[in-house]
Structures are given as structure tokens and as C-alpha cells.
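Taking the hints into account, I'd like the entire structure generated from these sequences.
Order-wise, the sequence lines are chains A and B. So in the working numbering, the last spot in the first sequence is 298, and the numbers never skip. So in the working numbering, the last spot in the second sequence is 1929, and the numbers never skip.
Hints listed in this document are in silico derivations from the structure and should not be mistaken for laboratory results. Some hints here could point you the wrong way.
[Unchecked claim] Result set (DSSO-like, lysine-lysine): computed pairs, CA atoms no more than 27 Å apart in a straight line:
id	chain 1	residue 1	chain 2	residue 2
1	A	Lys12	B	Lys1929
2	B	Lys1893	B	Lys1597
3	A	Lys12	B	Lys1423
4	B	Lys1681	B	Lys1745
5	B	Lys1554	A	Lys148
6	A	Lys47	B	Lys1554
7	A	Lys225	A	Lys148
8	B	Lys1681	B	Lys1597
9	A	Lys189	A	Lys263
10	A	Lys225	B	Lys1554
11	B	Lys1929	B	Lys1681
12	A	Lys263	A	Lys194
13	B	Lys1681	B	Lys1897
14	B	Lys1423	B	Lys1929
15	B	Lys1890	B	Lys1423
16	A	Lys12	B	Lys1597
[Said to hold, decoys possible] On the chain B side, residues computed to face chain A include the following (Cβ under 7 Å):
id	residue
17	Val1583
18	Ala1620
19	Phe1632
20	Gly1633
21	Val1885
For each residue, glycine too, the CB sits at the ideal point set by N, CA and C.
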Amino acid sequence: MSKTYDKYYVPEQSPWPIVGAVALFMIAFGAGNFVNEVTRNKEGYGGYLLLAGVAVLLFMLVGWFRNVIDESMHGLYSQQMDRSFRQGMSWFIFSEVMFFAAFFGALFYARMIAMPWLDGASNNAMTAQLLWPDFSAHWPMTKTPGGTETTAMPWQGLPLYNTLILLTSSVTLHFAHVGLEQGKRLQLKLMLTLTVLLGVAFLACQAYEYVHAYRDLGLKLDSGIYGNTFFLLTGFHGMHVTLGAIFLLVILLRILLKNHFTAHNHFAFQAAAWYWHFVDVVWLCLFVFVYVL
Amino acid sequence: MSTVTHDHDTAHHGEHHHHAPSGLKRWLYTTNHKDIGTLYLLFALTMFFIGGAMAMVIRAELFQPGLQLVQADFFNQMTTVHGLIMVFGAVMPAFTGLANWLIPMMIGAPDMALPRMNNWSFWILPFAFAILLASLFMEGGGPGFGWTFYAPLSTKYSGDSTALFVFSVHIMGISSIMGAINVIVTIFNLRAPGMTWMKMPLFVWTWLITAFLLIAVMPVLAGTVTMVLTDKYFGTSFFDAAGGGDPVLFQHIFWFFGHPEVYIMILPAFGIVSSIVPTFARKPLFGYASMVYATSSIALLSFLVWAHHMFTTGMPVFAELFFMYCTMLIAVPTGVKVFNWVATMWKGAMTFEVPMMFALAFIVLFTIGGFSGLMLAITPADFQYHDTYFVVAHFHYVLVTGAIFSIIAAAYYWLPKWTGHMYDETLGQWHFWCSLISVNMLFFPMHFVGLAGMPRRIPDYALQFADFNAFISIGGFAFGLSQLLFVWVLVKCIKGGEKATDQVWEGAEGLEWTLSSPPPYHSFTTPPEVK
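Written out as C-alpha cells, the structure is:
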């Protein structure tokens, strides 16, 4: 990559970061109270504060991004600035990878180490016999040492369809990108719309799967370590798909309504695409380790 | 290391339409790396005193055996919040403040790469700590499960403030991750022409590696607190054997974050000492390249040693041995560093101004902390040391006389550059000697009481430890009071004093010393040429 040393754009003062900090404060303080209120059936303002915080955060994001888009449209950004954004986004995605790594780590530890130990593996024979005589190690853990029973979610059917949906969406997104780079705006618009729709379809299937799990399978968040890892991993992934879909939707609206982005200047498109491919890869790991194996 | 050939106008104040903002807005809306650096440093100093006040409560209670001043519950909250504040509120923000001030000036950049995000990273922190401190006043009190919040203490046996603790840690993590992204991107992308990787000042190198560690492990901490939250409030059993989980799993995930975190708090210190020692020895740093490789290997090894914190809590012998040997391996690159600092001073034309004194104290006392760390790394020996005051002595040697001494050294070293005034050398020397004597009174005897079996985190103790503890507490109060001298020096220096030259120190090298003292609002609007 060729180095260019144009004048690096340093924005003047901006009100958005402090608004964002206040929003995070409201979210954290609100959520901290809300969790207590919900689980203890108490009256309180936590939920409202949380919602207000989310609203302020959205307001901040809109305002901040509008500034950035304006600056970009006015040609204030050099190639060097573009690299800053790209590198920043890559490292952000790396941090997300590590977030999921914590939960995958918990899953692997529970399956490979904790579960056999509970059944007496290693030097735990006596402990298992005294504490959990009825427990036998088997994954998915449909019966916990404490006796909670549940049913495993099969990978055939809905999860498989969801895998296909998400993989297809990554392909359509790629063709949208190709369309953007080759100036084929119609291809870009169609493929990007298709990607967003596939994302929404995925989320709808996922929501239905949760209903199915709770209603028909008795698989719940508190059904022992299998239910815990199942819902936290798929839940956080679902949240990321939601964010990614919103991100792509905003990009789509910018293309449809304002005709933004050119073949050479489309960092925001690329960032959204990277994010989408990332959630796709996470899903593949999920599908293999949570559903199939 | 690097010399500047480009003649730039140091008095140039950026764009002409840019009027320096003033008042509250300047600090709330700022995108300037120097302003944000100042904010970080002032915030860290405030937190240092709040966390320090909690340490005074702890030491006052431990002055005598028996319960005198506080309830046991409150004592637990003090040890917990003291730890959280010092780690996340004092040491880490202080280093980030130094990074903000120094990295752009050291690599010849106009500012940090993402200036608005920089502001956001900072302003999250006061709110996060407001939440944490507010939880102390809640019904049932604040978090009292130790800064390590082991399950089931934090899940089954914790109070209602746990949710606030969890969410405040979440937003602290967001702040750290954004700060780290900014540092990495700045270093990758904004170096002046000619500033190749192996010409970068070591402070920049160590921060680059630290930032990588931050991005790798802060999300893991976020995952850990999330599992604590769901275990406590939503019926999951990640850390509960009855549901198929394991409390030891908590420790694994926590220390996978926690051990790199320890290096996050010491690697920038290595960078600071590597800047100060050559200046006052008037010799270039011995073994620059080996310093870079040593720092990198410490960072890589930090991902392979986490379970040395849990030798006594249940692991197969194979794992115990693996983590013991990996931990001992870290002594090698650390030894390289200490050797290089000493070799830098060998036959140097040394002078002993305050920054150098703190840096020298760092080298000696951090090494003591490193040696007690090696003792703790020996699995069978650790069975005796685990959870005693020996551990407390160990990590306070590396964190107080290590990290904090390096931060104080850095403050004295770059203060004339930041303010344009020399600090009061006599007062500074008083500050140094008072700190040095009292900090050793405070922490050195902890080795003895620890080896004799005094457990940590307990408000009461057996009678035979009484004399040592009274002595330790006196050291503690003296160390706390000595830091007031530091504030006095800072205030005096900010308000006025002898005018500092641009280079400030005779032996100082690097781009930041080519700027005026104080430097212009925008350091390098056009990048300097580095040969």
C-alpha cells in the first residue's frame, strides 16, 4: 500500500462523544437497576432509564455518523484517514471475536473437562459417587447433576436452514460489493436488499426456534449448562445479526435515497460487509459446536 | 534513536480559523490528545486518592487485631473497591493518559488517529466509576467479593449491587477497548515518514503491545461478568456444579483475562523506564532490539500462564506443571530487560533527578516483586503462599513500586514538557525519599506475615501478627501522606516555576523534545522527517 502524507484531518470539538458517554451511563445504571427489579418483582425506574439511554445512544449515533458522512462528502478525508477507519474496524471485530471466544471457551471447558469430572473422571470418582451418584456424562447434557431435565435441539431442520440462509446472505453481499466496485448500481441495490431480507429471515427463524425450544422441547435458559451455553451463544450471535442487519439496512437506505458510495470510496459499506461476514463465521462455529457435535 | 531533520515551525498553531476553545466546553467536547491526556491523568490521580483512602480504612482496621473501626462486610467492600479502583481507575487510565499525551508527539503525528472516539473513551470512565462508587451506598452495600469476584461469592452470595458492578465493568471495558484501538491505529498509521518500526521509542512499542493485549482480553472480561450476571439473576449455572458448570471455570476465564491484565499494567512502565534511564545515564539504551523482542515475548507468554493463580483450586498435575514452567519462562525476557537497564547505566554520566530516582527505585523494587513472583510460581511452594499476605506483598511490589512508581517517574520526567515549567526538585526529592521508605515499611513486612500464615482479605488476625501489622499500617499512612507532597509539587509546577527549555533534560532524545515546552495545541500539523 502506498503511503501518502496528506494533511491528516483532526476534527474540531464535537458534542457527540459526551452524549454517548451519558447514554452509556444511563444504559449501565438503568440496566443495573432493571435487572434487580425484574428478577425481584420490584417497582422501579431502571427499565425506563435503560430505554432512555438506548434512545440517547441512537440519537448520538445518528448525529455522529451524520458529521462523519458530511466530512467525507466534503473530501476532508485522505487515504490515510481511510486506513485509520479500516484498521479501527478490523480491531473492533477482533475484540468481538474475543468476546465470543469467552463463551466458546466456557462451552468447551464444560463439555471436555467439567462434565467428565462430575461423572468421576480424573481423580473425582469418590466425589462423583458421593455428590452426584445418578449423573452420567453425556452431551448434550439433557439431565444435569442437580436433576434438571431438558431436550436437545436437533441440528436438522431449522438450524440447518438458518445456516444456509446466512451463508447465502454472505454470497449475495459479496455480489453487492462486486456490483458497487464495477459501478453496477442495480446489482448493488438488488443484492444488498436480498442480503438484508435474508438477515431478517434468519432472525425470524431464530425467534421461532426459541419459541419452539421453550414451548415444545422444555429447553430453557436455566436448563443447566447445555441450555446456558445454547442460549447465550445463539442469543449473543442473534444480537450481532440484528446489529449487522441494521447496519446493512442503513447502508442500503443511503444507497437508495441519497445515492451514496462510489467504487473507490465506500468504507462504511465495507465495514458493514466485514461485520456481516464475521457474524456469518461465528454462526458456522456455532452450528458445528453447539448444534451438530 | 531518531533525529529530526525537518525544520518545522513549533510556534505554528494549526489552522487559522481554529480558536482555542475555553471553559467547560473545551474539556467536554475536546478532540485534542493533550487535553484528553490531561483529563485521563487528573482522573487517575483522583481515583488514586479515592482508592488510597480505602486502603487507609483497611490499614486502620488492621492496625490492631480484633474488629475496631468497621464491620467485616464493609471491610470486604473496601478491599474489593480498592482493588477495582486502583486497577481500572488509577493505573490503567494513568497509562492511557500518558499514551495520549506522548504517543502522537513521539511518532510525529498531529493527534490520535480517531480523536472523537478518544474523547468518548475518556468520558465513559467517570460515569463508570460513579456507578461503582454509588453502589457502595446502596441498600446491602457495594460489591464485597474481592476485585477478582470469584464465583460463587459473586453469584450465590452477593448483594443487589452486583448488577451495577457488572454493568460498570462493561462500560469500563468499552472505554479500554476503544482507547486501545485508538493507540494501535495511531501507531500503525500515523508515524512520521522515516519512523520505521525499529526506530520507535520503546514507550510507543510497549504501548502498542499493551493495546493488543487490551483488545484481546477486555472482551473476555466482559464475557465473564456477563456469565456472573446470568448466573446470579437468570438461573444459568456456568459456575454451579449442580447445573453442570464449575466454579473453577470462573477462575479459568477470569484469569485468562486477569493475567494479561497484569502485563497491561506493567508493559508501559517498562517503556517509561526505558525512556528515563538513557536520559539520565546520558547513553543510548542498551539492547533496544532485545527490549522489543522481550516485550513481545512477555505479551505472548501472558496468554499461557493464567492458571498459576489457581494452583490450589483444582487442576490435574500436568496442568499445574505446564503453568509453572510457562510462568518461570517469563523471568527470562524480564531478566533481559533488567539487565539492559543496568547495562545502560554502566559507565554512564549519571545524574539523579527525581524521575531517575523513581526509575531506579522501580528497577530494584520491581525486581523484588518479580522474584517473589517466581517463588509463587513454584507450584508446591505456592500451596503455602496461596491467599496469604505474601501474595499481597508480591503484587503490591509490582503494582505500587512497579506501575505506580513508573507513572510518578513519568509525571516528573515529562511534566516540564507539558507545563513549560520545571518542578520543584527539592520537594520532589522529599516526595521520593518519603515514598521509598514508607512503601517498604508498608509492603516488605507483608512477606514475613504472609510466610507465617496470615491470610489476606480478612479484617481480623491472630495475635502474633499484631506488631508487624501495626508497623505496616504506620508505613501505609506515611505512604498515603507522602503522596500529598506529590499533589503539592504538581500544583506548584502547573502554576509556575522556572521556565523549562525545549529539550528539558540534557540527555533527552526523541521527537517530543524537539517541540516547544509547553508544546503547541496541535503538535505536528505536518509530519516531521525522521532520519
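Hint check results:
Taking the CA atoms of A/Lys12 and B/Lys1929, the gap is about 21 Å. The hint holds against a cut of 27 Å. With a C-alpha separation of about 35 Å, the suggested pairing of B/Lys1893 with B/Lys1597 is violated against the 27 Å cut-off. At most 27 Å may separate the alpha-carbon atoms for a hinted pair to count; A/Lys12 and B/Lys1423 meet this at roughly 26 Å. A C-alpha spacing of about 9 Å is found between B/Lys1681 and B/Lys1745, which places the hinted pair at or below 27 Å, so the restraint holds.
This hinted pair checks out: B/Lys1554 and A/Lys148 have alpha carbons roughly 22 Å apart, not beyond 27 Å. With a CA separation close to 20 Å, the supplied pair A/Lys47 and B/Lys1554 stays within the 27 Å bound. Proximity of A/Lys225 to A/Lys148 is assessed by CA-CA distance (about 13 Å); at most 27 Å being required, the pair is judged to hold. For the given pair, B/Lys1681 sits about 16 Å from B/Lys1597 by alpha-carbon distance, which is consistent with the 27 Å threshold.
Taking the CA atoms of A/Lys189 and A/Lys263, the gap is near 16 Å; set against the 27 Å cutoff, the hint holds. Our distance criterion of 27 Å between C-alpha atoms is met by A/Lys225 and B/Lys1554, whose separation comes to about 20 Å. In summary, the hint linking B/Lys1929 to B/Lys1681 is supported, as the alpha carbons are separated by about 19 Å, within the 27 Å threshold. Distance check on the hinted pair: A/Lys263 and A/Lys194 sit about 12 Å apart at the alpha-carbon level, within 27 Å; holds.
Between the alpha carbons of B/Lys1681 and B/Lys1897 the distance comes to roughly 25 Å, so the proposed pair stays at or under 27 Å and holds. The suggested pairing of B/Lys1423 with B/Lys1929 is violated, with an alpha-carbon distance near 39 Å, which exceeds 27 Å. About 25 Å separates the Cα atoms of B/Lys1890 and B/Lys1423, which keeps this hinted pair within 27 Å; it holds. This hinted pair checks out: A/Lys12 and B/Lys1597 have alpha carbons roughly 23 Å apart, not beyond 27 Å.
Annotation: B/Val1583 was flagged as interfacial toward chain A, and the flag holds, the nearest CB pair being 5 Å apart, inside 7 Å. Against a cut-off of 7 Å between C-beta atoms, the interface hint on B/Ala1620 holds, since the closest Cβ of chain A lies about 6 Å away. Taken as an interface hint, B/Phe1632 checks out: its beta carbon lies about 6 Å from the nearest beta carbon of chain A, inside 7 Å. Here the hint on B/Gly1633 is kept, as its CB sits about 3 Å from the closest CB of chain A, short of 7 Å.
A least Cβ separation of about 26 Å between B/Val1885 and chain A goes past the 7 Å threshold, and the interface hint is therefore violated.
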